[in-house]
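2 protein chains.
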Amino acid sequence: LISLAAGFTDPDTLPLAEARDLLSEVLASPRVGRSALQYGPTEGLPALRRLTGERLLAQDSAAAGASPARELYQPERVLITHGSQQLLYLVTECLCDPGDIVLVEDPTYFVYLGILQSHGVRCRGVSMETDGLDLRRLESRLAALKRRGELGRVRLLYLVSYYQNPTGVTTHFAKKTAVLDLLRYYGRAAGHTIFLLEDAAYRELRFGGPDVPSALAVGPHAQRVIYAGTYSKPFATGVRVGFGLLPDLVRRAVERVKGNHDFGTASLLQHLLARALATGAYDRHLVELRRRYAGKAEWMAQALRRHFPPEVCWREPRGGLYIWAALPRSLPSGPDSLLLERALAADVLYVPGRLCYAPDPTRRAPNQEMRLSFGNAGEQDIRTGIRRLGEVIRTLLTRVRRGIRPAGRPH
Amino acid sequence: LISLAAGFTDPDTLPLAEARDLLSEVLASPRVGRSALQYGPTEGLPALRRLTGERLLAQDSAAAGASPARELYQPERVLITHGSQQLLYLVTECLCDPGDIVLVEDPTYFVYLGILQSHGVRCRGVSMETDGLDLRRLESRLAALKRRGELGRVRLLYLVSYYQNPTGVTTHFAKKTAVLDLLRYYGRAAGHTIFLLEDAAYRELRFGGPDVPSALAVGPHAQRVIYAGTYSKPFATGVRVGFGLLPDLVRRAVERVKGNHDFGTASLLQHLLARALATGAYDRHLVELRRRYAGKAEWMAQALRRHFPPEVCWREPRGGLYIWAALPRSLPSGPDSLLLERALAADVLYVPGRLCYAPDPTRRAPNQEMRLSFGNAGEQDIRTGIRRLGEVIRTLLTRVRRGIRPAGRPH
Numbered sequence: 030l031i032s033l034a035a036g037f038t039d040p041d042t043l044p045l046a047e048a049r050d051l052l053s054e055v056l057a058s059p060r061v062g063r064s065a066l067q068y069g070p071t072e073g074l075p076a077l078r079r080l081t082g083e084r085l086l087a088q089d090s091a092a093a094g095a096s097p098a099r100e101l102y103q104p105e106r107v108l109i110t111h112g113s114q115q116l117l118y119l120v121t122e123c124l125c126d127p128g129d130i131v132l133v134e135d136p137t138y139f140v141y142l143g144i145l146q147s148h149g150v151r152c153r154g155v156s157m158e159t160d161g162l163d164l165r166r167l168e169s170r171l172a173a174l175k176r177r178g179e180l181g182r183v184r185l186l187y188l189v190s191y192y193q194n195p196t197g198v199t200t201h202f203a204k205k206t207a208v209l210d211l212l213r214y215y216g217r218a219a220g221h222t223i224f225l226l227e228d229a230a231y232r233e234l235r236f237g238g239p240d241v242p243s244a245l246a247v248g249p250h251a252q253r254v255i256y257a258g259t260y261s262k263p264f265a266t267g268v269r270v271g272f273g274l275l276p277d278l279v280r281r282a283v284e285r286v287k288g289n290h291d292f293g294t295a296s297l298l299q300h301l302l303a304r305a306l307a308t309g310a311y312d313r314h315l316v317e318l319r320r321r322y323a324g325k326a327e328w329m330a331q332a333l334r335r336h337f338p339p340e341v342c343w344r345e346p347r348g349g350l351y352i353w354a355a356l357p358r359s360l361p362s363g364p365d366s367l368l369l370e371r372a373l374a375a376d377v378l379y380v381p382g383r384l385c386y387a388p389d390p391t392r393r394a395p396n397q398e399m400r401l402s403f404g405n406a407g408e409q410d411i412r413t414g415i416r417r418l419g420e421v422i423r424t425l426l427t428r429v430r431r432g433i434r435p436a437g438r439p440h
Numbered sequence: 030l031i032s033l034a035a036g037f038t039d040p041d042t043l044p045l046a047e048a049r050d051l052l053s054e055v056l057a058s059p060r061v062g063r064s065a066l067q068y069g070p071t072e073g074l075p076a077l078r079r080l081t082g083e084r085l086l087a088q089d090s091a092a093a094g095a096s097p098a099r100e101l102y103q104p105e106r107v108l109i110t111h112g113s114q115q116l117l118y119l120v121t122e123c124l125c126d127p128g129d130i131v132l133v134e135d136p137t138y139f140v141y142l143g144i145l146q147s148h149g150v151r152c153r154g155v156s157m158e159t160d161g162l163d164l165r166r167l168e169s170r171l172a173a174l175k176r177r178g179e180l181g182r183v184r185l186l187y188l189v190s191y192y193q194n195p196t197g198v199t200t201h202f203a204k205k206t207a208v209l210d211l212l213r214y215y216g217r218a219a220g221h222t223i224f225l226l227e228d229a230a231y232r233e234l235r236f237g238g239p240d241v242p243s244a245l246a247v248g249p250h251a252q253r254v255i256y257a258g259t260y261s262k263p264f265a266t267g268v269r270v271g272f273g274l275l276p277d278l279v280r281r282a283v284e285r286v287k288g289n290h291d292f293g294t295a296s297l298l299q300h301l302l303a304r305a306l307a308t309g310a311y312d313r314h315l316v317e318l319r320r321r322y323a324g325k326a327e328w329m330a331q332a333l334r335r336h337f338p339p340e341v342c343w344r345e346p347r348g349g350l351y352i353w354a355a356l357p358r359s360l361p362s363g364p365d366s367l368l369l370e371r372a373l374a375a376d377v378l379y380v381p382g383r384l385c386y387a388p389d390p391t392r393r394a395p396n397q398e399m400r401l402s403f404g405n406a407g408e409q410d411i412r413t414g415i416r417r418l419g420e421v422i423r424t425l426l427t428r429v430r431r432g433i434r435p436a437g438r439p440h
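Those sequence lines, one after another, are chains A and B. Heads up, our numbering is the position in the first sequence plus 29, with the first residue counted as 1. Heads up, our numbering is the position in the second sequence plus 29, with the first residue counted as 1.
Simulated from the structure, these hints should not be mistaken for lab results. The reader is advised that the hints may include incorrect statements.
[Unchecked claim] Here chain A is said to cover these stretches of chain B; the calculated rule only asks that three of the stretch's residues, wherever they fall, bring their Cβ under 8 Å from a Cβ of chain A:
id: 1; region: 50-63
id: 2; region: 67-75
id: 3; region: 112-121
id: 4; region: 142-156
id: 5; region: 264-272
id: 6; region: 290-296
Just so we're clear, the structure is a prediction, and the values are computed from it rather than from any experiment. Don't be surprised by glycine CBs; every beta carbon is placed ideally from N, CA and C.
The shape of chain A in the complex, shown without the other chains (with noise of 0.2 Å):
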């Protein structure tokens, strides 16, 4: 089987001596080894906390073109966490009750699907457009939930900013000052705060086009902005750190429940990135990384062209790991789809689309797309599991021109 599904990142591009040096380096020393081995602060090693908000000041400045606000970016706004996963699922526990509402992307990350479900929490999908959500569609979402009392319960909208997980598509900076305007105007509306949950989890998997600055960056916002990023995907995904940059308040309960959920990110795993940050070996890989990724996407991009035909739309990723793929409304792709059945007996697997949207009784979610991921798999397995696929699509395609509807509900 050719998994097109997996998020896994690349096994080559995994630093295996660059992560013994630096661990040897970290354990060589009897001061910083006895640190790295032994319980930390709850909310982080210091100079963790200090290298991350410098790095995410230098990016924000670069990608600005200008200096935001530095006090954002102080080491004590910072939080580090097993993953950024792990970031977004204490800001849930943390903010939201049973029964509020959190608006997402539509489609959005899956995962993060799951946590709001675990917490009883509604979820309320905004269509995006190429360059991030659609404002208009969030601001009559909002205007909605105001109509009918319920923005007392939104408690943030969750937004992944950076090659989203799974279309690939990056917010326009201009967006997410809009967007913090709509929040805060419906905020005051509401009685609240309501967050901007920031995920930039791809933000550093980045290989063609320039770098947006993140919503800190709008400025006048910074205590409806939660910011998260992670080192695990870029780095390795076997050393578990992330990292979100909070408003004081949030950033005190997120870290109270840290304590509750592990006491604090094993120190052993901060140490090594903070040293990989420090020598330069992390920014040393990244180079790599990219254009690792980058000839990846091409290979995949190279197959699409080949392989699809022309009704299946799709856009050449500029980084992250996925390519998101919209067939004709004739051609169902989901869970239960002629498509994916097909797909998995030419041995070939993707996600289909439908997983991506969240359970919104109030809109009718799409089935007709597939997140196709050149993350994990090698060349080899690229191209071939694009042909099959091309294959399974062009014969189902020809069958729908035919008049024989494809199993599989359309929507």
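Go by the hints and put chain B onto chain A.
Showing chain B alone in chain A's frame:
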């Protein structure tokens, strides 16, 4: 300030050279190294799950002098977590709803009380004897809950069964059997399983006396035993790897929630521990560790014999990190006590015993005990700290004898 409060382990015992060699070996092999730097299964690394089950089976067999049911130690029953703290959290999240009741030892591990509180769970304390829970009190507690129709809300009994934090008490095996019999009886009356959550965090920090089999070895009760263990405390607290052995239904639920929390424990940490266990490095380290803690416990015991007045009751530890000292009732030790104030003025800190009692409005908790840790402090600090505390206690006891009541509530 000399802190005899922190539950940190001894910095001199941290295995710097061993960790360095083991990590270097793990990352030297491309196959193993890649697995260490990549995502792994949510439930944990197969090799570590197997080693964990085998290790526990060997421990229980040796302690029981007989072979417990092997199927209870199968790798499928093992879940690896970011420290055993995370397991406690996940189990509580899965099994308890707000308003539910959890039975705890009086006193108990205060961080677990925080977990219970954060889930809105009500605590009911059961007082202890020198070999574990007072069974008559446990039975009368359960009987009272039954009479009041609250048995349906009782989810689990939490037992820190080896060198308990904070008292140092180890639960006798016969008591585990009796406790499980009671839980079965009252579980039937409740109409659901009441679980025994056995927290064995200190089991491997044993330096005197024989090992005791776990509650798993009781056998017929396996479906109500959840066993939580850890490699962090014995090996290195900066390497957060704990584990649970769980009944199938609970394991599956906990695994699902663990997936939402963080996708699984960092592979690098799991490989480090798996290699430490497989090569014998872990067990060699344990020999050193036990020798070291035995020595530190003896320093503290010597100092206590010398500097504490005979009115203070305490017992020589046979494992763990703590000595529990009970003062006369006339001398409160709580957070607002004159004793704590004077101790801080003398630059020495202990954990007020009061903090280790659950917020249980149905009984009065004692307020004249202190938890003294010999884990983190060095020899000189242990001796000086205890001498200073002894002086403060003697001074205040003299005042009490003269009829001057120390500040602070007796309860």
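The hints, checked one at a time:
1. 50-63: holds (count 7)
2. 67-75: holds (count 3)
3. 112-121: Per the Cβ count (4), the hint holds.
4. 142-156: holds (count 3)
5. 264-272: Three-residue rule met by the region 264-272 of chain B, so holds; n is 5.
6. 290-296: holds (count 6)
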